[in-house]
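A.B. asks: Residues per chain are reported as follows:
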Amino acid sequence: MQALADKNEAVMTSLVCPDYEADALLELDSLALVKTSLKDVSCRQVGTDDKGAQVVCRGSIEATYNGEVQSFDLSTRSYTVVNDGRDWLVCGYKK
Amino acid sequence: MRLQKMSRAWKKRLLLTVGLVLLTACSRAYVPFIPAVVPTSTVALSATQSVQATAIATVITLPTSESESTLPTATGLYPANWEGWPVLPIVTQHAREVYTLGQSLGNDPHAFSIFGDCQSLPEIFLGLYATDSQEFASLSPDLQATANYFKDSLNRESSTSKGGTTSGALLWDEWHENKYDCRADESPMDCELRTHRPSFVLIMVGTHTEGVRDDLYLRKVLDALLAHGVVPILSTKADNREGDNHINLETAKLAAEYNIPLWNFWPVTSDLPNRGLYTKKTEPQLGDIYLTDAALERHRLSALQVLDEVRRAVAGN
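Top to bottom, those sequences are chains A and B.
Numbering follows my numbering, in which position 92 of the first sequence is assigned residue number 92; successive positions increment by one, without gaps.
Numbering follows my numbering, in which position 161 of the second sequence is assigned residue number 1161; successive positions increment by one, without gaps.
Treat the hints as calculated values from the structure; they're not laboratory data.
Computed from a prediction, not measured in an experiment: that's the story for all the values here.
Treat the hints with care, since some could be wrong.
Stated by the list, open to error - Derived lysine-lysine pairs resembling BS3-like cross-links, with alpha carbons at most 25 angstroms apart:
hint	chain 1	residue 1	chain 2	residue 2
1	B	1280	A	7
2	B	1253	A	7
3	B	1220	B	1253
4	B	1280	A	35
5	A	39	A	7
6	A	94	B	1179
Stated by the list, open to error - Per label pair, the in silico range of CB-to-CB distance:
hint	chain 1	residue 1	chain 2	residue 2	range
7	B	1253	A	66	27 to 35 angstroms
8	B	1297	A	83	52 to 60 angstroms
9	A	40	B	1078	25 to 33 angstroms
10	B	1133	A	8	45 to 53 angstroms
11	B	1271	A	86	57 to 65 angstroms
12	A	46	B	1253	46 to 54 angstroms
13	B	1181	A	21	30 to 38 angstroms
14	B	1246	A	76	36 to 44 angstroms
15	A	46	B	1097	22 to 30 angstroms
16	B	1141	A	10	51 to 59 angstroms
17	B	1273	A	46	55 to 63 angstroms
Said to hold, decoys possible - Footprint (simulated), chain A over chain B, 3 or more residues, beta carbon under 8 angstroms:
hint	stretch
18	1078 to 1087
19	1125 to 1139
20	1222 to 1233
21	1277 to 1286
Backbone N, C-alpha and C fix where the C-beta goes; we use that ideal spot for every residue, glycine too.
Produce the entire structure from the sequences given, and follow the hints as far as they go.
C.D. replies: Here it is as structure tokens:
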């Protein structure tokens, strides 16, 4: 999420599963023209299933354009993350 | 385009003639004036005119070369020469076919949508023709008719026309923030197509982005619009922030490849100081991409002219 807010494509794509990469990049590209920051973000694991660990977060992505702020609520998302042996990779989320 | 203008002139002449005939036919016997043109195509009258006008419909004709039913199959324009393309699009038969498909799917012929960024917001763009009587009064009768035709779209706010909108954002299901009656599981584009049922979409995103995937996203947008029977109208931008004008070139290439209308806005501001562009103090990193008041005035007038041109061409009038 920090990589998304920083619009660091290289870092972000290194931390997502290949199947989720196109969706992650769409999110990144959608925010290309706005200034972004994370606000009060914290995450915790709430369970596991056959796809991986389920993680929910609080907080939001704040996007500012020309003084106008849009807030993208992260608490509506339930992320699936997997450990590839080196890092925890985000493989998608449900709403 | 010239043919269409000629055709429109003929249409007015025809309507005047038919109108005179109908008015007179209600009161007394009348021998219609038959225009001295080569009779090659019969004029289609509206349903309300058909009963009274049956007797004369077959004798009022237009020359084939000026018939409104004919559109070119291709524009004959080369993307490499996009700077010289006309401002108003050359509307092809393909656009009419898309429009016709859309009508069969239930699209609203009086509705257009805007896929655009902050320069497409109603308060500085077409919305002024709905809210400012002086702006409306400044229009020609033809354009006033088009403004009235699209009156419910001019001042409409939507999830696809917001500050900072990119081609990717049109496809991202969070960009609408669950506003504008949009559902959490649909993209702004899908939301707009569902809620407004446009027949036309002015595409004005990407005016100052250079995203490597913009082409991919725009193609997805165009594919979806065409599948929904919506006529996409691409546009060039007034700025050359990228330095080599490749964004406008790519846009022209897309228009040619998809055989869809292109509004060439680039030349519209060419005689204004600094091409009608300035840098916003709040967004200095973006440079000269914002339109001055003079450029904005041309922007909305030119857009309305484009909508006028396209809607009349695809509808055959």
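A.B. asks: What hint numbers does the structure not satisfy?
C.D. replies: 2, 9, 15, 18, 19, 20
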